[in-house]
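Protein chains: 2
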Amino acid sequence: MNELRKDYILDRWVIIAEDRGKRPQQFVHRAEKVEKGICYFCPGNENMTPPEIARIERNGRWIVRSFPNKFPATSRKKGKIRENFLKSFYPYGTHEVVVETPEHDKNLGDLDKEHISLLLQLYIKRLREIKEDKSIKYVLIFKNKGGNAGTSLEHSHSQIIGLPIIPKLVQDEVLAAEEYRRRNGNCPFCKIWKREIKTERGIFENEHTVAIAPFASRFPFEVWLIPKRHMNSLEEMKNEEINSFAEILQKILSRLNSSLNYPPYNFYLHLSPEGEDLHFHLELTPRLTKWAGFELGSGIIINVMPPEMAAEHYRGKN
Amino acid sequence: MNELRKDYILDRWVIIAEDRGKRPQQFVHRAEKVEKGICYFCPGNENMTPPEIARIERNGRWIVRSFPNKFPATSRKKGKIRENFLKSFYPYGTHEVVVETPEHDKNLGDLDKEHISLLLQLYIKRLREIKEDKSIKYVLIFKNKGGNAGTSLEHSHSQIIGLPIIPKLVQDEVLAAEEYRRRNGNCPFCKIWKREIKTERGIFENEHTVAIAPFASRFPFEVWLIPKRHMNSLEEMKNEEINSFAEILQKILSRLNSSLNYPPYNFYLHLSPEGEDLHFHLELTPRLTKWAGFELGSGIIINVMPPEMAAEHYRGKN
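Protein sequences appear in the order of chains A and B.
The opening position of the first sequence corresponds to residue -17 in the numbering used here, with each subsequent residue numbered one higher.
The opening position of the second sequence corresponds to residue -17 in the numbering used here, with each subsequent residue numbered one higher.
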């Protein structure tokens, strides 16, 4: 049965088109050809990247490290370029790469939860440092894995971009959450996790973190990770909350990798802009289908995998 | 120089990241593997498609024909499925396929402008018929060409989907156009084409139609086709305007195909909802890059091809 579903709080609509749906097994990823060559992200080649910004070491070797993107999407200049009919600015900000492991062939989901905790620690360190620049209005942390998710680089990495504006998508979510609180008296994400984890869309939970397949999933196998405690950003997490979050992320990625053969995916952190109140969460979206003319022309997304079926797949035995 | 550009009227932002940019020639498409097999869209197999809805014939054979999509994204049922915390509806509407030519190996851009005019005539006929159902609030006409644009079917075709809601993207554009008119006293799209065709973003024009590379292009080689006369929908076009529009569309596609080796692309018509006033236009977006975690997490799009360079490429000699 096809169903036109609205996001929990956003004015964002998805058609769950089960009728044309495939079974989870039909989404198994076919391995991509990878160009072999020198990898700038591997240990020993540290001098081939721009100068390092941060690293976390264990036993005298780095575990995660970050440095400026060689081809930044941002700019060091500030201010307007054009105004009146055409409007543009310098995309003032920062753009850096975080190498997630020294091991070239390791996928993020292959790493243990302690390692993923260290990656989150590095994000937190960099968030604090980048936010000292008051011209940066929003920091986006995201990961691209695989060609269809927008990266040709195989060595596991994520990126951090500091922006001079609050992206409209984030602003819309902040406003929708505010409106929800005004009407219902509580945070929508606190309600979402408490409610959804008990439904067929619930995937995993541990002491501090919940993973669900969201009701209006835009992508097959989309997952949201939500910390149970109401918090606005990653920096507010206590150590045990970081470890709990890392454990669930590892579990999801591991299940995704083993069951669908290391498919392409993105994840991105929805952090609250400074001074706003948005319950921090992470959205993970495998990239197994393509958005086509319908999605681009309408903004409505057709998803052929009901989140209920995706959640069941994640919960299934390895 | 990187530039953070705002759309002419929408609150939609794009980073033109020229620094990491490639030259147009580096976007040449590598031919995709196509699965050979029986084609339901070819002449002789008409009985293998759902029952025909419309056709246009010349000399006793069909030139374009349409029939229901075998796997519709829509539903024949109406009404709410869930309300309260989770909100959903039946996606009541219609979903059909338009086969654009009887010739299996012909790309839309390989057809002559008279043929493309007939395709537009079929769109017009179907728009009129679908709009008779007052439960359908919006009709989206779109085309997917190539795997990266969301179709695995090689035989040239487009699709028409009638929806029970006005998509938010369209509603946003309607409201932004209204706001622009309120402030400036004229239609933004009338202004856009008159202004932009004279700039380095102008591509082609003929008596009734203009093609431009929009200032805040989301995709490399994005093109907008705008009729010069202010009109809300395709149905308002006089025959000579249809022919003029077909001529420019053919010219753009032909140039795209010859210079970039038949790349994947989508196009979608921005028609005005009934009772609203949106200047009809067509948006054509080649799909040569992928949206990644940054785009999905922020809604801001990084485009590595400045529209000025794309327009120059289109204007160049074949």
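Hints were generated in silico from the structure; no laboratory data involved.
One or more of the hints may lead you astray.
In this list, chains with the same sequence are indistinguishable; a pair is considered to hold if it fits within one copy or across any two.
[To be verified] Derived BS3-like pairs: lysine-lysine, alpha-carbon spacing no greater than 27 Å straight-line:
| # | residue 1 | residue 2 |
| --- | --- | --- |
| 1 | 150 | 272 |
| 2 | 233 | 150 |
| 3 | 62 | 95 |
| 4 | 173 | 107 |
| 5 | 69 | 150 |
Against the structure, the hints:
no., hint, in the structure
1, 150 with 272, "both (23 Å within a copy, 20 Å between copies)"
2, 233 with 150, "neither (31 Å within a copy, 35 Å between copies)"
3, 62 with 95, "neither (44 Å within a copy, 43 Å between copies)"
4, 173 with 107, "neither (29 Å within a copy, 48 Å between copies)"
5, 69 with 150, "both (16 Å within a copy, 23 Å between copies)"
Hint check: violations occur at hints 2, 3 and 4; the rest are consistent with the structure.
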